[in-house]
Amino acid sequence: VSESSSALRLFLAAIIVALLFQLLYLPQPLGLLKPWLLGMVVCYYALEQPRFIGLGRAFLLGLIADALHGAQFGGQSLRLCIMVYLLLRFRYRIRFFPLWQQTALIAALFLNDSLVALWVRLLGNLSQPGIAHWLTPLTAACLWPIFFVTMDRLRRRQRVSSKL
Amino acid sequence: VSERSDFFNKGANSTLALMIYCALAVALIVIDRKMNYLAQSRQAVLNWVAPVWRLAEVPSLLFRAGEGYFIDRRALVQNYDALKVEYLRQQQELLALRSEKLAANRLSQLVQSINAQPSIAGGVFARVMALDFANDRNQLAINRGRTHGVLPGTVVLNELGLVGQVFSAADQLSTVILISDPKHRIPAQVRGGGERFYVAGMGEAQQLSIDQLAPTSRVALGDFVETSGLGGIFPEGIPIGRIMALDKVEGEGVLRASVAPAAMLTQLREVYLIAPVPAVGPLPATTLSAPNAAGGGTAQSTGAPQ
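From first to last, the protein sequence lines are chains A and B.
Under our numbering, the first residue of the first sequence is numbered 620, with each subsequent residue one higher.
Under our numbering, the first residue of the second sequence is numbered 217, with each subsequent residue one higher.
Simulated from the structure, these hints should not be mistaken for laboratory data.
The reader is advised that the hints may include incorrect statements.
Claimed, not checked - Examples of chain B residues lying across from chain A (beta carbon under 8 Å, computed):
(1) Ala241
(2) Val242
(3) Ile245
(4) Asp248
(5) Arg249
(6) Val268
(7) Leu271
(8) Pro275
(9) Ser276
As the list claims (entries may be wrong) - Over 12 Å on every C-beta distance to chain B, these chain A residues come out as not near it, computed from the model:
(10) Leu651
(11) Arg714
(12) Trp719
(13) Gln720
(14) Gln721
(15) Gly749
(16) Thr758
(17) Leu762
(18) Leu773
(19) Arg774
(20) Arg776
(21) Gln777
(22) Val779
Built from N, CA and C at the ideal position, the CB exists for glycine as well.
Isolated chain A (complex conformation) (with noise of 0.2 Å):
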């Protein structure tokens, strides 16, 4: 009981962190790189621990982080929703690539979320993105190996101090 609850919260945890990093507002030359901190969170843990997340707490943290962020509803829950679909859907063989495969991966369906993300917009009649926009896979890409082994560390941890 102690192990799981631990792990929740820092489920918990690494979420808020990554809806707040959402909202933060960044000078300029950063803005542009700044990631989409919450779609890693969710890949992360529908790739290492899927029964935190699927699809329905992707919706609903969609919802969350559409709300945070002002933006239109449903956007971002279709986003994590196709994303989450696809990462459980072949979850077992990714697992078993090696990193920088898997980093490949995440970029390839980073770039597939912005495709989904502009469509969002053209159904929001919402304004042509920016550079920005498209950076997003890239950054995304450039961060996943440090992210993926910084969760592992944190994960990690908890389990042992969850034991001690």
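Go by the hints and put chain B onto chain A.
What follows is chain B alone, placed relative to chain A:
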């Protein structure tokens, strides 16, 4: 893990669930856009969310504050430098304008005081095109000529004093022989109508000379020398210069004085042209005739006993 999340996770792998959620999401997006029903609920949500926004804003606020400080400082320093340069430039311009105004005032006073007629209708100023101090020749070229009414003998001066006279005039330009030219002699007097003498050029822009002063002369150092108006050409009262030195010439029993020209002959940029006055005075008219008669060498020796 609660029951609710079990419900949400139940169809995790099923394509049907994906399609349902996608349809839901699209429906939300479209409703949000078309009906705007969600605007009010979104307002409520935003009110709840505002503290979270504040929280997320803190690091960037700190960052921006720091950045703003440094950028402002640098920008201020740059701005200050630019303003300083601009200030100096304008100061210089102001000085130039002031001195130009001063010069114009002085010139107009001078011209009024000698009651001179401008030689050019509509444009009395001429620009100096070239200065020539080489080979004992002290001349300059100006951009006015016969088409502007300039004739040989036209008097050339600036706001400081006499410059010379036109020596030969072409259609569009003229050459001026300076008072410092060795062939040039001017009937002159001490300011206010004192002693009369001739001031001759020596080929030096900084120095003119008075060759033959009587030993009894009362000319003193620092006296102002001006044109006497005798012999025509030059009207009376144009400043020539100031006596800078007085020497006894050995064995001749005369004094020689050197005069510093008032007009800065080496720095001429613009000169003023006035018509020569007709010859009136005690000297015979033949020797006072216009300088173009002789053409070359002694043209400017207006009645000087050589």
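Each hint tested on the structure:
1. Ala241: This interface hint holds because 4 Å falls under the 8 Å limit.
2. Val242: holds (7 Å)
3. Ile245: holds (4 Å)
4. Asp248: holds (5 Å)
5. Arg249: holds (5 Å)
6. Val268: Hint holds; B/Val268 Cβ to chain A Cβ min 6 Å, cut 8 Å.
7. Leu271: holds (7 Å)
8. Pro275: holds (7 Å)
9. Ser276: Holds: closest Cβ of chain A sits about 4 Å from B/Ser276, inside 8 Å.
10. Leu651: holds (15 Å)
11. Arg714: Non-interface label on A/Arg714 holds, nearest chain B Cβ at 15 Å vs cutoff 12 Å.
12. Trp719: holds (27 Å)
13. Gln720: Fine: 22 Å to the nearest Cβ keeps A/Gln720 off the interface.
14. Gln721: Correct as stated: the minimum Cβ-Cβ distance to chain B is 20 Å, above 12 Å.
15. Gly749: Per Cβ check, A/Gly749 is outside 12 Å of chain B; nearest 19 Å; holds.
16. Thr758: holds (18 Å)
17. Leu762: Non-interface label stands for A/Leu762: nearest chain B Cβ at 18 Å, farther than 12 Å.
18. Leu773: holds (20 Å)
19. Arg774: Fine: 17 Å to the nearest Cβ keeps A/Arg774 off the interface.
20. Arg776: holds (22 Å)
21. Gln777: holds (17 Å)
22. Val779: holds (22 Å)
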